Amino acid sequence: MAVDPGRIDQSLRKGVAPLYMLLGEEPLQTIEAADAIRAAAREQGFDERTVLDLSAQSDWSALDAAVRDRSLFASRTLVDLRLATGKPGREGGERLKAYAAAPEPDIVLLLQLPRPDRDMRRAAWFKAMESAAVVVHARPVPPERLDGWIRDRLTRHGLRITDEALQLLAARVEGNLLAARQEIEKLALAGVQGVDLETLAEATADAARFDLFGLSAAALRGETGRALRMLEGLLDEGQPEPLILWALARDARLLVQALERRAAGANDREAFQGSFGDQQKALRLAAGRLDVARARDILRLAARVDRVIKGQEQHGDARQGLLDLVARMAGRPLTVADPVLNPEGA
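Heads up: the sequence shown begins at 1 in full-length UniProt numbering, then just goes up one per residue.
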């Protein structure tokens, strides 16, 4: 059964299916469809999640292990299987075909693939999965539907927009949905309700001062001093710490995903799926100097800073933690003692 990404929520409310095949042609719709499936699975009792990044060179017994070796206390599991290359090889193809013929009742298998080419569609494993799974093809939004897509997103944030401003915003993002989402988020953060040409220009000017996204990009590019100054400015001007952390953690997560996909054999186009423009350029620079282990350390630090901000860590300073997180993303950890990385008693 095929489901449009825009209607995936309606389908999920009826219950999650045993198999999903997500074809990731457009990055934002791919990310959001995967998030929706994972969230619905959690809500419906699939509390355990196993993530597998596999390729033709991988040991596909990992899939059997994920299906077989489940926790006694979380028997319902979501297996998030990412095949960035779209090529499972002979062993992987046979295992996928066999699984499609007899899915496990207490497992939701989410198979994430890139845009399917002719060879992929001809493969026996693909045909087997296509017949058994709910297929979600995340295609680009056609140009004639982009204005409506942007207006709908603005409405979800409680924002109204004039036709002239909508045309300008659509022209600015040039069909890139991730760029559109970023612009909409900036407008929402600006605290406006109605968007006209003047408001759009003012929000853009404000974004130059309060640029959460620019902070993360500067850190990833290795511009340590500039990134730390930007962070100090954001904090001094009253930007909420959770919001700053959200922007940093988002790009740290994208960096980990890109490095893991590379390690699984994906090319750069596939590895950096989900990022665009200056953000992707910055991620590529960071990926050139950081390995998977160090990138995961950055993500773990972000999680610890989150606990400090929420008061779940007894020791630690959120501001210092954010400073060290930015410095580590830039590849230049602070030399001062860090109460977040080294809390008392840790």
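Each hint should be verified, as a subset may be incorrect.
[Said to hold, decoys possible] In silico DSS-like links for lysine-lysine, alpha-carbon gap of 25 Å or less:
no.	residue 1	residue 2
1	87	97
2	127	97
3	310	186
[To be verified] Derived DEER-like restraints, expressed as beta-carbon distance ranges:
no.	residue 1	residue 2	range
4	291	65	34 to 42 Å
5	127	288	36 to 44 Å
6	18	69	14 to 22 Å
7	167	119	25 to 33 Å
8	152	232	34 to 42 Å
9	191	98	16 to 24 Å
10	39	90	28 to 36 Å
11	167	263	23 to 31 Å
12	294	39	54 to 62 Å
13	317	117	45 to 53 Å
Bear in mind the hints are in silico, worked out from the structure with no lab data behind them.
Quick caveat: nothing in here was measured; it's all calculated off a predicted structure.
Cβ coordinates follow ideal geometry from the N, Cα and C atoms, glycine included.
Hint by hint, which ones does the structure fall short of? Structure breaks hints 4, 7, 9, 11, 12.
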